[in-house]
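Undergrad: Sequences listed follow chains A and B, in order. If you're matching positions, the first sequence starts at 19 in this note's numbering and goes up one per residue. If you're matching positions, the second sequence starts at 19 in this note's numbering and goes up one per residue.
Treat the hints loosely; a few may be bogus.
Because identical chains cannot be distinguished in the list, a pair is counted as satisfied if it fits within a single copy or across any two copies.
[Claimed, not checked] Once the Cα atoms are required to be at most 27 Å apart in a straight line, the calculated DSS-like pairs of lysine-lysine come out as: (1) LYS486 <-> LYS276; (2) LYS435 <-> LYS249; (3) LYS173 <-> LYS616; (4) LYS37 <-> LYS89.
Hints in this document: simulated from the structure, not taken from any laboratory. Note that this is a predicted model, so its numbers are computed, not measured.
Number of protein chains: 2
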Amino acid sequence: MEKFKITFYPENKVVEVDKGSTLLSCAISAGIYINSSCGGDGVCGRCKVIVKKGSVLTQPTGRISQEERKKGYVLSCMSTVQGDADIEIPPESRLGLDRISVYTKAEEAEKGKSVIGEDIFIHSPLATKLFLELSVPNQADRISDLERLYREIGKIKEMPIMQTGLANIRRLGELLRSSDWKVTVTLGNRNGTTEVVLIEPRDTSAKNYGVAFDIGTTTLSGQLVDLNTKKVIGTKITYNKQATFGADIITRIIYAQKEDGLEVLHHAIIDGMNMIIKDLIDEHDVSLYAVNCCLCAGNTTMIHLLLRVDPTFIRRDPYVPTASFVPVIRAAEAGIKINPRGLLSCVPGVSSYVGGDITAGVLSCGMNTTEKLTLLIDIGTNGEIVLGNKDWLICAAASAGPAFEGSGVTCGMRAVKGAIQRVSINPKDFSVKCETIGNVSPAGICGSGYIDLLAELLKTRAIDKNGKFHSDKKNKRVRQGEQGMEFVVVYKEDFDLNLDIVITEADIENIKRAKAAIFSAASILVKHMELDFSKIDQIFVAGGLGTYLDMDKSIIIGLLPDIEKSKFSFIGNSSLVGARQALLSLDAFNKSQEIAKKMTYLELSVDAAYMDEYVAALFFPHTDKTRFPTVKI
Amino acid sequence: MEKFKITFYPENKVVEVDKGSTLLSCAISAGIYINSSCGGDGVCGRCKVIVKKGSVLTQPTGRISQEERKKGYVLSCMSTVQGDADIEIPPESRLGLDRISVYTKAEEAEKGKSVIGEDIFIHSPLATKLFLELSVPNQADRISDLERLYREIGKIKEMPIMQTGLANIRRLGELLRSSDWKVTVTLGNRNGTTEVVLIEPRDTSAKNYGVAFDIGTTTLSGQLVDLNTKKVIGTKITYNKQATFGADIITRIIYAQKEDGLEVLHHAIIDGMNMIIKDLIDEHDVSLYAVNCCLCAGNTTMIHLLLRVDPTFIRRDPYVPTASFVPVIRAAEAGIKINPRGLLSCVPGVSSYVGGDITAGVLSCGMNTTEKLTLLIDIGTNGEIVLGNKDWLICAAASAGPAFEGSGVTCGMRAVKGAIQRVSINPKDFSVKCETIGNVSPAGICGSGYIDLLAELLKTRAIDKNGKFHSDKKNKRVRQGEQGMEFVVVYKEDFDLNLDIVITEADIENIKRAKAAIFSAASILVKHMELDFSKIDQIFVAGGLGTYLDMDKSIIIGLLPDIEKSKFSFIGNSSLVGARQALLSLDAFNKSQEIAKKMTYLELSVDAAYMDEYVAALFFPHTDKTRFPTVKI
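Can you build the whole structure from these sequences, using the hints too?
TA: Here is the structure:
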């Protein structure tokens with residue numbers, strides 16, 4: 019087939035591609051990830067690029083304005099290569115807003131410390147290192163090298179079923195003798211047995227690391243943990259590069275059915291994970307070989323894609339995943355780059371739409387151990403709700419979209435340094451006061467920032483209860499933008515930015531749908547158990563929204579139920595915390611299995627009442643004012 | 019490097035090789051295995067080839083006679099390629115005497131049936147197949163595919179620790195649905211856990227096969243077994259192709275230390291095993307995919323080489339192997355071609371010089387379960403002796419050489435069709451009566467044939483008690499041959515053979531050393547326990563000597579102790595029988611582990627008395643006539 023050269027700017031990155039390839043796929047092969055909520059179907063209009071030079075065949079679309087068309091804008095998913103071309107990717111089309119550093123230290127690590135149940139588990143990490151000084155064989159003691167090793171391990175730990183791979187045995191004879199019978203073994207908890215994962219010369223037992231991952235639809239978070247001291251060494255967050263292929267799980271599953279789709283989605287996840295690992299170990303001067311295991315919590319589709327398991331059946335009635343409890347495997351089998359013999363384990367999930375991330379959340383907040391009636395609300399692209407206590411657990415999932423994760427909204431960003439997370443608006447002159455994570459110049463708005471912003475816009479009546487802007491001449495910040503009406507949160511001049519930071523009516527609509535999905539799921543779940551919110555003893559709110567969450571404002575917008583504020587706790591990324599707990603403790607991992615087995619799942623899509631609830635919640639705070647008695651707007 | 023073409027005759031096989039390669043290595047790369055007891059050191063003189071044409075540089079050697087030199091004979095190990103050449107490999111230099119079919123059906127299968135303890139084990143093969151008709155998921159039953167599979171298995175069998183590889187999970191979703199939820203799982207016993215080895219569509223449970231192997235230094239025996247019915251489907255025997263690299267274990271270990279030596283030896287074993295498997299499945303119309311496991315018994319060095327584990331330390335003081343108990347692995351990891359996910363297990367060994375073959379022998383004769391004081395004598399290249407009963411077991415090993423396996427002797431051959439296994443000589447005219455295995459034309463002499471022949475030569479005084487020919491004019495069969503004095507057993511004219519079948523003084527010397535090594539090892543072991551042979555209740559004699567063994571004649575030559583004949587039983591290849599038992603029964607496999615743990619090992623090389631015993635036994639039947647009171651020669 020005819021080949022052409024495509025050059026992407028400003029990277030100046032060249033790729034050679036077949037005639038007829040879409041610009042979207044060219045960008046991916048150049049390692050540039052572009053926004054695309056619809057997965058390349060020409061619907062969402064997020065994947066705009068500018069053709070600077072060369073021959074591109076593009077299809078007509080209403081997503082490109084006349085003005086944009088003149089400047090050379092096309093939808094990259096609907097435009098195919100017909101010759102060499104130069105393509106510019108504008109900042110707003112880039113996944114993860116390249117205006118900010120995608121990677122920054124997150125505050126989740128600190129947050130984690132205050133989470134309930136953090137230290138109640140026995141310290142028995144997924145991988146343990148033991149330094150052994152073996153007795154030297156002699157005529158009176160001639161058992162084989164392998165048995166000698168097992169015998170010594172047995173003196174320290176009782177391990178009924180011990181396994182070793184052939185690769186270790188092949189190296190063993192020479193290794194033991196050249197290291198003067200002093201070696202360090204790495205033992206892994208592998209599906210109820212103990213595996214001798216690794217045998218190294220001399221004493222390396224002080225260097226034993228693992229990585230906990232939360233694999234979200236929109237966001238990947240990874241945390242490097244010292245398995246000996248239980249200390250968090252560092253945390254990194256990045257966008258899930260799969261977002262190029264669609265914003266939600268369903269679009270991804272559909273994409274996986276395309277030729278090479280599964281392979282492409284699998285690589286998008288593991289590339290992100292491997293980048294996080296590499297950044298973490300480089301930054302903290304840890305050797306790749308000292309990282310012996312990964313523990314991942316993620317929704318069921320993400321875990322399927324991580325393991326390159328076809329997720330097709332997750333979205334086919336009756337919505338059955340291939341595996342909820344996946345075995346511990348070698349990380350290399352999934353393409354994860356840690357020690358080549360290191361292990362990969364996943365927190366078990368409950369069902370197709372309630373994954374290991376929520377099991378990990380339950381584990382980390384400890385609701386499975388308390389008498390108190392507890393509600394866990396995990397705010398993510400897939401919003402998950404769990405209700406129960408030590409006796410029972412029931413859960414539901416709601417497709418909320420990525421707005422609260424700062425994706426799919428005009429100036430959204432991850433809850434990282436530079437993200438606006440608190441907002442107040444002066445009702446007199448509509449002047450805005452912002453607080454950013456890290457107290458640096460603002461770069462965008464994260465989930466908690468949007469909640470504050472919306473509550474403030476409501477309180478100041480800049481928007482009505484439907485989310486539309488009031489025409490108020492006093493309010494100079496409301497203006498007509500390219501995408502319709504918008505409110506300027508930060509003027510670019512004030513912080514030397516390229517663009518103003520704004521919130522559009524479309525953004526508000528997005529957030530309204532997200533909060534409605536979550537609130538109505540919680541509401542249905544509580545009703546299903548013949549309870550109401552007032553009976554709940556405590557509510558944990560989880561998610562990567564920010565380092566802080568204003569409960570009052572969350573109630574004002576109708577995201578959270580209007581009950582006593584003291585019952586709420588914001589626990590951050592509970593999935594990551596749970597993954598870390600399972601990484602550090604076999605006890606915790608076993609508990610996560612119990613949780614997953616115990617939890618029942620309520621399928622909302624078959625619940626007739628859910629759609630009614632959802633529609634009723636498409637209002638601020640709600641169409642039924644009596645359900646938010648304390649909200650005065 | 020300069021390349022040349024070497025053509026081997028009569029195969030007419032061409033290989034392209036580097037200048038300077040030895041003809042021995044060229045033959046190996048052409049897939050032709052040549053005799054070489056010394057492993058290519060120019061010492062044994064067994065690797066003669068004839069240079070028909072072309073340029074070969076050869077070193078002077080006393081192993082080639084002047085007459086041979088004129089005909090173009092060279093030692094292939096001492097001759098290097100300098101240009102294109104045509105090389106003929108004479109029959110006597112070929113491993114396994116190509117005059118006969120190397121593969122024939124062996125009688126071991128039939129022999130096995132009569133072995134003690136054959137059917138006392140619970141039927142629980144290394145791999146079990148279960149046909150499952152899974153319930154179809156519905157809204158009330160939405161557990162994942164993998165859990166559904168486990169649940170169904172759990173209804174049939176209790177399996178506390180269940181494992182499945184990622185490869186199976188990746189195929190599971192599609193497989194279950196396309197096969198209408200009717201699948202066959204293959205479950206393997208893997209190191210104390212149960213592995214779901216394989217999942218196949220529909221009911222294939224009737225086709226479940228395994229292969230038991232005895233991996234000897236000189237001989238490979240493989241047996242295809244129906245794991246459902248416990249029936250032996252077929253047996254094949256071939257020479258261990260490693261014999262090209264040396265006749266005994268020590269030469270092989272030294273060879274393994276050469277560059278690529280380990281790789282070459284590993285391939286020589288697995289090539290032989292794969293040939294046996296292929297022949298067995300082709301002949302019996304069994305699919306490769308229906309062969310799910312292998313169970314191997316072999317001496318410690320062979321098991322190391324099978325697994326490509328460096329055997330170096332086996333021959334370094336204090337003689338410690340890398341592993342005596344090797345884990346169950348995937349057969350493909352060792353290069354064994356059965357179902358790609360099939361398992362490979364090995365009977366555990368005791369020490370560097372007492373391997374799983376002898377553990378399997380003990381298992382098969384059941385001496386570990388009886389009150390009777392029992393002696394097991396396994397006659398092989400490495401002769402192994404075990405003494406004991408249900409309370410204790412002690413063993414020793416003696417390097418006997420391959421003579422009793424029909425190797426390293428002029429007209430020796432495996433105990434297969436055409437092998438002379440019984441001989442009687444008329445004392446009046448020295449006429450010879452032979453009986454061959456399968457009652458076909460004689461092709462050579464197997465171990466039991468040599469024992470008979472030697473006893474008859476002694477009884478008729480054709481040889482003296484030192485093994486030298488008497489000059490007796492009446493005996494026309496004794497003559498001067500190319501290798502010194504020899505006795506013609508079969509004249510080529512009588513059966514239209516290419517060569518006479520003879521026994522030379524060098525052959526007799528070889529057999530004398532072999533029998534002396536075994537007898538003296540047994541003798542020392544008995545003395546070590548402060549016993550004498552008369553106290554022994556039963557003696558099992560094992561080995562691939564033939565389908566029959568004449569105990570009287572074995573005593574006459576001094577191979578076996580001179581005690582009551584009724585105490586002896588010949589049990590054939592007990593290692594293969596034990597391997598089959600372990601293949602068919604986890605119970606038997608576990609017993610083999612107990613045996614290996616229980617058995618103590620007496621190292622003869624450090625026993626001062628052993629050399630004295632050995633030298634005293636280098637006589638027919640023995641220098642001390644009082645130890646063989648019934649022998650009148």
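Undergrad: Decide, hint by hint, whether the structure agrees.
TA: The hints, checked one at a time:
{"no.": "1", "hint": "LYS486 <-> LYS276", "in the structure": "neither (39 Å within a copy, 82 Å between copies)"}
{"no.": "2", "hint": "LYS435 <-> LYS249", "in the structure": "within (22 Å within a copy, 71 Å between copies)"}
{"no.": "3", "hint": "LYS173 <-> LYS616", "in the structure": "between (37 Å within a copy, 20 Å between copies)"}
{"no.": "4", "hint": "LYS37 <-> LYS89", "in the structure": "within (24 Å within a copy, 69 Å between copies)"}
Violation of the numbered hints given earlier is confined to hint 1; every other hint is satisfied by the structure.
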